Amino acid sequence: MVSAGRPRPRYVQRFTLTERIVHWIHASAFFALLGSGLILYLPALSIAVGRRPLIKDIHFYTGLGWAGALVLVVLLGNRRALLRTAREIDLFDRDDRRFLGGELSAPQGRFNAGQKVNAIVTAAFAVLLFASGLLLWFGERDTDIRLGGTLYLHDVLMYASVVIVLGHLYLALIHRSTRHSLRGMILGSVREDWAREHHAKWRGR
Amino acid sequence: MTVNDDLPDSPRENLGARRVGRAGFLGIVGAGAATLFFGKQISSVTSRLTKPFASATGLSGIVPSGGWRIYTVAATMPVFDPATWRLRIDGLVRHPVELSYDQLVALPRAEQVSTFHCVTGWTVTGVHWAGVRFHDLLALADPLPSARAAHFVSAEIPYDDYLPLSDLALSDVMLAYEMDGGPLPQEHGAPVRVVIPEMYGYKNVKWVQQITLVDAQSEGYWEQRGYDINAIVGHSNGYA
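Going down the list, the sequences are from chains A and B. Sequential numbering of the first sequence, starting at 1, is according to the numbering used here. Sequential numbering of the second sequence, starting at 206, is according to the numbering used here.
Bound conformation, chain A alone (with noise of 0.2 Å):
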């Protein structure tokens, strides 16, 4: 199908609307929760901005309102995509050690391996992030489920997490060959040719 000039580019559904919405649910409340969360521990910014007891009360109800967000999506939304979504991250075949082994050519499913591991990571620090926090606003109010970790754990979360969303960014907003991939997180759909290139075993050579 060649018109005048250039090839038309075809394009793929790669992500569900069910999964788009996960994605930006969890990175909007990321970026609330990490500026409300440095307020309240970094002191330069604590004593800049004040105002703790309404900066704890965002920090905590953002929290809230995130989880509350994922449960709603999970049961009002697609949960075959999901689930579908799910079974492929937890997914890792010959290939995808060849990836994370250095081999970047080696064919890569809807996800990458790389892709795969930020998810879990992501998830898993989700959880971790959710249960210390919660810890912290209860363990203020009953001394008995004060552990003595829990800010610490808090606190190494959120550098980690800053750490891998700054390379996440990077990779969907700059580096050339894979920031195409942001329009299938907005748009839901890539150009069949990049999908080819970038994830062979799930478009085909």
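Bear in mind the hints are in silico, worked out from the structure with no lab data behind them. Any given hint could turn out to be false.
[Said to hold, decoys possible] Residues of chain A placed beyond 10 Å of chain B at every Cβ, according to the derived structure: (1) His-23; (2) Tyr-41; (3) Ser-46; (4) Ile-58; (5) Thr-62; (6) Gly-68; (7) Arg-79; (8) Gly-102; (9) Ser-105; (10) Ser-161; (11) Val-165; (12) Ser-177; (13) Trp-194; (14) His-198.
[To be verified] Facing chain A, a subset of chain B residues (Cβ under 8 Å, in silico): (15) Arg-224; (16) Val-225; (17) Gly-226; (18) Phe-230; (19) Val-234; (20) Leu-241; (21) Arg-274; (22) Val-278; (23) Tyr-426; (24) Gln-429; (25) Gly-431.
Because the structure is a prediction, the values reported are computed rather than measured. For every residue, glycine included, the Cβ atom is placed at its ideal position computed from N, Cα and C.
Position chain B against the provided structure of chain A, taking the given hints into account.
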């Protein structure tokens, strides 16, 4: 533009495929859960590693690696004005007094290096304090024999807390007006705060503006919210 809006397909070939993603997920969650219980020990090792780096790069003022966090309960921090600031000592005393900042720092000066423990799990070691011992301070008001405890009222309303007079008599307890070689910074309670290293930070009242002697200690700000009245480091507030 042509869009195939069918559902994304699953991968076609899965040579040597193993379901290991869930193991990774559970492994990270498990390691994190263990950190809840052993984080204190781990953080003492990591802060020893990160502290020299943070001080060398000047990051210690920005990132609280082994350093302070600023906790407040009001919307804004009290502002210290040396011209108008007064410390009032009253209650079960023969002579209630009001001291200006200059009168306070003219009292016998004490210095100490001690460790500051916060009940939320962070610790700052080697803090250099200078200030007044309570023996010298309270003597100005001549406490009555019935006085057993001091009620510290902060300018950060509604913060307050209590300490028994017997604890105020400990050798490393003071009302501090200097910290690490300079006047007490605003965020640490300028111009004066209580320093009692034996107890968690919430007993180390910042922005003290009034000390009222009473016959028994009562519940302060955090104790009304579930914290222990006796805030001995390592032996209160859920710590064994």
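Each hint, compared with the structure:
At the 10 Å boundary, the C-beta of His-23(A) stays outside the reach of chain B, the nearest C-beta of that chain being 14 Å off. The Cβ of Tyr-41(A) does not lie farther than 10 Å from every Cβ of chain B; its closest approach is about 7 Å, which violates its non-interface assignment. Not every Cβ of chain B is farther than 10 Å from the Cβ of Ser-46(A); the closest lies at roughly 4 Å, contradicting the non-interface assignment. Against the 10 Å criterion, Ile-58(A) stays outside the reach of chain B, whose nearest CB is about 13 Å from its own CB.
The claim that Thr-62(A) lies off the interface holds: its Cβ sits roughly 19 Å from the closest Cβ of chain B, which is beyond the 10 Å cut-off. No beta-carbon of chain B is positioned within 10 Å of the beta-carbon of Gly-68(A); the least distance is around 20 Å. At the 10 Å boundary, the C-beta of Arg-79(A) stays outside the reach of chain B, the nearest C-beta of that chain being 13 Å off. The Cβ of Gly-102(A) lies farther than 10 Å from every Cβ of chain B, with a closest approach of about 18 Å, so its non-interface assignment holds.
With a closest Cβ-Cβ approach of about 15 Å to chain B, Ser-105(A) is found to remain outside the 10 Å limit, as its non-interface label requires. Separation of Ser-161(A) from chain B is adequate, the least Cβ-Cβ distance of about 12 Å exceeding the 10 Å criterion. A cut-off of 10 Å between C-beta atoms confirms that Val-165(A) is not in contact with chain B; the least separation is 16 Å. Against the 10 Å criterion, Ser-177(A) stays outside the reach of chain B, whose nearest CB is about 20 Å from its own CB.
A cut-off of 10 Å between C-beta atoms confirms that Trp-194(A) is not in contact with chain B; the least separation is 14 Å. Distance check on His-198(A): its Cβ is at least 13 Å (rounded) from any Cβ of chain B, clearing the 10 Å threshold; non-interface status holds. Hint status for Arg-224(B): holds, given a least beta-carbon distance of 5 Å to chain A, under 8 Å. With a cut of 8 Å, the hint placing Val-225(B) at the interface with chain A holds, because the nearest CB-to-CB distance is about 5 Å.
The beta carbon of Gly-226(B) is positioned within 8 Å of a beta carbon in chain A (closest approach about 4 Å), and the interface hint is therefore held. Interface hint status for Phe-230(B): upheld, as the beta-carbon distance to the closest one in chain A is roughly 5 Å, under 8 Å. Because the smallest distance between the Cβ of Val-234(B) and any Cβ of chain A comes to about 5 Å, under 8 Å, the interface hint for this residue holds. Hint status for Leu-241(B) relative to chain A: holds, with the closest Cβ pair at about 5 Å, below 8 Å.
Annotation: Arg-274(B) was flagged as interfacial toward chain A, and the flag holds, the nearest CB pair being 7 Å apart, inside 8 Å. This hint holds: Val-278(B) has a C-beta 6 Å from the nearest C-beta of chain A, less than the 8 Å allowed. For Tyr-426(B), the suggested interface contact is broken, since its CB lies about 12 Å from the closest CB of chain A, more than 8 Å. Checking Gln-429(B) against chain A by beta carbon gives a least distance of about 11 Å; that is not within 8 Å, so the hint is violated.
Annotation: Gly-431(B) was flagged as interfacial toward chain A, and the flag holds, the nearest CB pair being 5 Å apart, inside 8 Å.
When held up to the earlier numbered hints, the structure conflicts with 2, 3, 23, 24 and fits the remainder.
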